[in-house]
Amino acid sequence: MQDFVQHLINGTSLGSIYALIALGYTMVYGILQLINFAHSDVYMMGAFSAYYLAMFMGLQNSPGVATLASLLAAAMIGCSLLGLAIERFAYRPLRKAPKLNILITAIGVSLLLQYSAQIIFGADPKVFPKVLEDSVLIDFGAVQLKSLDVAVLIVTVIMMLALNFLIFKTKIGKAMRAVSQNMTVASMMGVNVDRVISFTFVVGSSLAGVGAVLVGMKYPKIDPLMGTFIGIKGFVAAVLGGIGSLPGAVLGGLLMGLSEEMVVAYLSSTYRDALAFGLLIIILIFRPSGLLGKKGVEKV
Amino acid sequence: MSILDVKNLNVSYDSCHAIKGISFKVDKGEVVSLIGANGAGKTTTLKALSGVIPSTGMITLKGQDLTRVPAHQRAPMGLCQSPEGRGVFPLMSVFENLEMGAYFRSDKAEIKKDIEKCYGLFPRLAERRSQLAGTLSGGEQQMVAISRALMGRPEVLLLDEPSLGLAPRVVAQIFEIVQKVNQEGMTVLLVEQNARMALKISHRAYVLETGLISLEGSGAELLNNDDVRRSYLGI
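Protein chains in written order, with the working numbering: chain F, 1 to 300; chain G, 1001 to 1235.
Accuracy of the hints is not assured; some may be wrong.
[What the hints assert, rightly or not] Pairs of lysine-lysine, DSSO-like flavour, derived with a Cα cap of 30 Å:
1) G/K1020 with G/K1007
2) G/K1025 with F/K169
3) F/K218 with F/K99
4) F/K99 with F/K171
5) G/K1020 with G/K1112
6) G/K1180 with G/K1025
7) G/K1117 with G/K1025
8) F/K169 with F/K294
9) G/K1112 with G/K1062
10) G/K1025 with F/K174
11) F/K171 with G/K1108
12) G/K1200 with G/K1108
13) G/K1117 with F/K174
14) F/K218 with F/K146
15) F/K169 with G/K1112
16) G/K1007 with F/K171
17) G/K1108 with G/K1020
18) G/K1020 with F/K174
19) G/K1112 with F/K96
20) F/K146 with F/K126
21) G/K1180 with G/K1200
22) G/K1117 with F/K171
23) F/K169 with G/K1108
24) G/K1025 with G/K1108
25) G/K1028 with G/K1117
26) F/K294 with F/K171
27) F/K169 with G/K1007
28) G/K1200 with F/K174
29) G/K1007 with G/K1200
30) F/K130 with F/K146
31) F/K294 with F/K174
32) G/K1025 with G/K1007
33) G/K1062 with G/K1020
34) G/K1025 with F/K171
35) G/K1028 with G/K1007
36) F/K174 with F/K96
37) G/K1007 with F/K96
[What the hints assert, rightly or not] Covered stretches of chain G, going by a simulated chain F footprint (3 or more residues, C-beta under 8 Å):
38) 1077-1084
39) 1101-1115
It is worth saying that the hints were derived from the structure and are not from the lab.
Beta carbons are placed, not taken as given, at the ideal position from N, Cα and C, and that holds for glycine.
The shape of chain F in the complex, shown without the other chains (with noise of 0.2 Å):
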């Protein structure tokens, strides 16, 4: 029982940082039905940037609460101007094309960061900087609340509250809420379609920024091809939720991480990654639209 808690504990944390990466490719989808399948390499050029950051800045081995935030920062603006630049020059082009065209492009600029990083950092891991002191904040006996899990936690609540503000209380919200209902429309209306669809890379980039922050910190090396893997489960958690839907992201991002843990736990590491996408399979039998997702019936 007590082990079942510290699980409980460790898949939350590892499943919020899956619903932040889940959130950024359910926001692009729900504006340009695209998937953007370079969002998991996003991800890494946010590692990157914070690692270069520290290393710039001597804060390789200064673990604190202002080591975290500047690196945060450096991932979130690493990412939204990567995100801002593939947005305008790799989809923008294509918006009026067929969306094959565009998706194939999504795997090409995908493909260009991999190698492009490779080649510019070196196919090597490096080490990510030491963010947080790794101490044990609340001991119960079996049972322990440790100081990145928290972290991890803390960060990830503020992000999403703070995403839930822009969204439903902000005006550029509302113009991000319009053009994914009607972009058309939207239009007529005096949105600038151009620059919310910008803004939302922006914001989905940067969600990403701070997962890659949050997962070096847990799990310190870091390299080029890191983002495999943690975008399949991103997009497997954001498909699950019902691609589209906020929400929908956050509890797909939370059952991946739960169940894998748990998976790992009482059953078998080597079921981890199989996990996923039988999990995936199950729940778009019985719900194909995920589980938050919107039912594709309109009413005309």
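Following the hints, position chain G against chain F.
Below, chain G alone, put in the same frame as chain F:
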């Protein structure tokens, strides 16, 4: 001088020349209709006016040339549209839909007043203000779409087929409101397949046939025109 002046408007889709150089104008305070059969190019004309599809020719609103103005800047300049098929934001409440109509405005107090005005025009919307627009009936959605366009305080209100798919009683009610809004000073450009309803409330009208204007005249003239009676009124 007319408030909206369209000269030699051309629109082409891939291989189809949908609008073949039409010219028309709308004077301040008028209701002007474009009537015509399915596929005549009525909706295409309105889309071109709103800038959501590319066109060539000259569109002048209050003396300003709109031809090269991107779509999202046309509503602030005074062209607000209630699109074909209503185009409400289905996952937003009625209230939020109306707010979207005033997206480019920043005079909060006036926006609030205008929302109340819309609720006055369509009391039904007041009852349903916090309901998601996607769950409304067709007639109610049409009310949302018209109100939302009014929220932009347009110089010319563009209405695309407000009668589409609605029960006759609801259509009558909506045309009544359009007429009322016009009597309060709003200029209206109306696109309709329901020629009889449209011509009854129009000061002037144009008949659009496969991308060309074939007839024009006052609403009453066209209602009594033999060709129009035969082709569009079924008499």
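Next item on the list: Enumerate the violated hints, using their earlier numbering and listing them in ascending order.
Entry: 2, 3, 5, 10, 12, 16, 17, 18, 19, 24, 27, 28 and 34
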